[in-house]
Amino acid sequence: GTGKRLLSAREDNADQGRDEPEEFLENHLHELAKKHGLSENFGVYCFEWDPESGRRKNVQISEALSQMLGMHSEEILARVGSREHQFANSETELFSRLISEILGDSRVSDSITRIVLSDPRSRKLKTQFLCRIVSLREMDPFSRITRTINLLEHLTPEQYDAYGAGRHLLYPDNRSGDELLADASKDYLFDETFACQKNATSSERATSMATAIKQQTQRLKVTMEHLKHGLSVCNSGVAASAG
Numbered sequence: 332g333t334g335k336r337l338l339s340a341r342e343d344n345a346d347q348g349r350d351e352p353e354e355f356l357e358n359h360l361h362e363l364a365k366k367h368g369l370s371e372n373f374g375v376y377c378f379e380w381d382p383e384s385g386r387r388k389n390v391q392i393s394e395a396l397s398q399m400l401g402m403h404s405e406e407i408l409a410r411v412g413s414r415e416h417q418f419a420n421s422e423t424e425l426f427s428r429l430i431s432e433i434l435g436d437s438r439v440s441d442s443i444t445r446i447v448l449s450d451p452r453s454r455k456l457k458t459q460f461l462c463r464i465v466s467l468r469e470m471d472p473f474s475r476i477t478r479t480i481n482l483l484e485h486l487t488p489e490q491y492d493a494y495g496a497g498r499h500l501l502y503p504d505n506r507s508g509d510e511l512l513a514d515a516s517k518d519y520l521f522d523e524t525f526a527c528q529k530n531a532t533s534s535e536r537a538t539s540m541a542t543a544i545k546q547q548t549q550r551l552k553v554t555m556e557h558l559k560h561g562l563s564v565c566n567s568g569v570a571a572s573a574g
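Under our numbering, the very last position in the sequence shown is 574; numbers go up by exactly one each time.
I should point out that these hints are in silico values taken from the structure, not numbers from a laboratory. Quantities reported herein were computed from a predicted structural model and do not represent experimental measurements. Even glycine gets a Cβ: it sits at the ideal position worked out from N, Cα and C. Worth double-checking, as some hints may not be accurate.
Claimed, not checked - Pair ranges (Cβ atoms, derived):
1) R550 - T487: 29 to 37 Å
2) R454 - S474: 19 to 27 Å
3) A537 - V439: 27 to 35 Å
4) A513 - S563: 50 to 58 Å
5) T487 - E535: 26 to 34 Å
6) H403 - L551: 34 to 42 Å
7) E353 - K545: 43 to 51 Å
8) F418 - A541: 40 to 48 Å
Could you build all of it, start to finish, from the sequences and the hints given here?
Structure representation (C-alpha cells):
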C-alpha cells in the first residue's frame, strides 16, 4: 500500500527517543489510507517532530511518492536533509495552502492540487500531475504536534473533474483537469506568481485572496472567543465548587 517500503532520513542532532517499528508505521499509514478512501498505490511523506523543541526529527517517504515525482528516493531525502526544498505548487497555490494550514483548526485536511516540479536552474518543467492530498497532524496528550502525515493519490483529469471542489485556492478557479495540465507551465512561470499580479485578472485574484484571508481570520477569532468563554465557564464552576 505504501509503495513497497518507506525510506527514512533522521536529523543528525535529533533525540533518538523511542522510535516505532517501521512495520507498525506502514500498517498505520495503510489504515489511514483505507479510512480516507485512497487507492492502494498511494504516496507518503511524513515528518516526525520533537514536541519539546518543535524541531524535525525524521523524514519518511515512500517509493510510490518518488515514482510520482520522477525522482530517486535517495535524492529526495538528500534534498530534504540539506534543506534544499523545491516548491511543488505555483506561488499563489502554495500561499493559499500555507494560509489554510496556519489559520485552520482541523487535524485533517483533504484537498486536490496540481503538482508542478521544475529544474532548479532553468525552471523548465520536469513533472506535472494532479493529485489528492490527505494531510494529518498527530499530537501528544498536550496537543503538541509529533507527526505530520501526507498521503498522495495520483488523479487523472477525469477524476479531478469528478472531485468537484477544485484546487485549494483563495480565489475561484473553474478550469478542468485537462486545462490545468495544459496551463501548468504558464501558471508556474507567469500567471500564478506574485511578480505578475498587475493585470486586471491578477488584481481580481489578489482582492479575492485578501477577502478570503480576512474571512478565515475572522472564523479563527470566533473560535478563540468560544474557547475563552468555555474556559471562563469552566473556571467559574471550579471556583464555585471550591467555595
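Hint check results:
1. R550 - T487: 29 to 37 Å: holds, 34 Å
2. R454 - S474: 19 to 27 Å: violated, 40 Å
3. A537 - V439: 27 to 35 Å: holds, 29 Å
4. A513 - S563: 50 to 58 Å: Since the Cβ atoms of A513 and S563 sit about 55 Å apart, the hinted range of 50 to 58 Å holds.
5. T487 - E535: 26 to 34 Å: Once the Cβ atoms are compared, 30 Å apart, the range 26 to 34 Å for E535 and T487 holds.
6. H403 - L551: 34 to 42 Å: Given range 34 to 42 Å: holds, Cβ gap about 40 Å.
7. E353 - K545: 43 to 51 Å: holds, 44 Å
8. F418 - A541: 40 to 48 Å: violated, 22 Å
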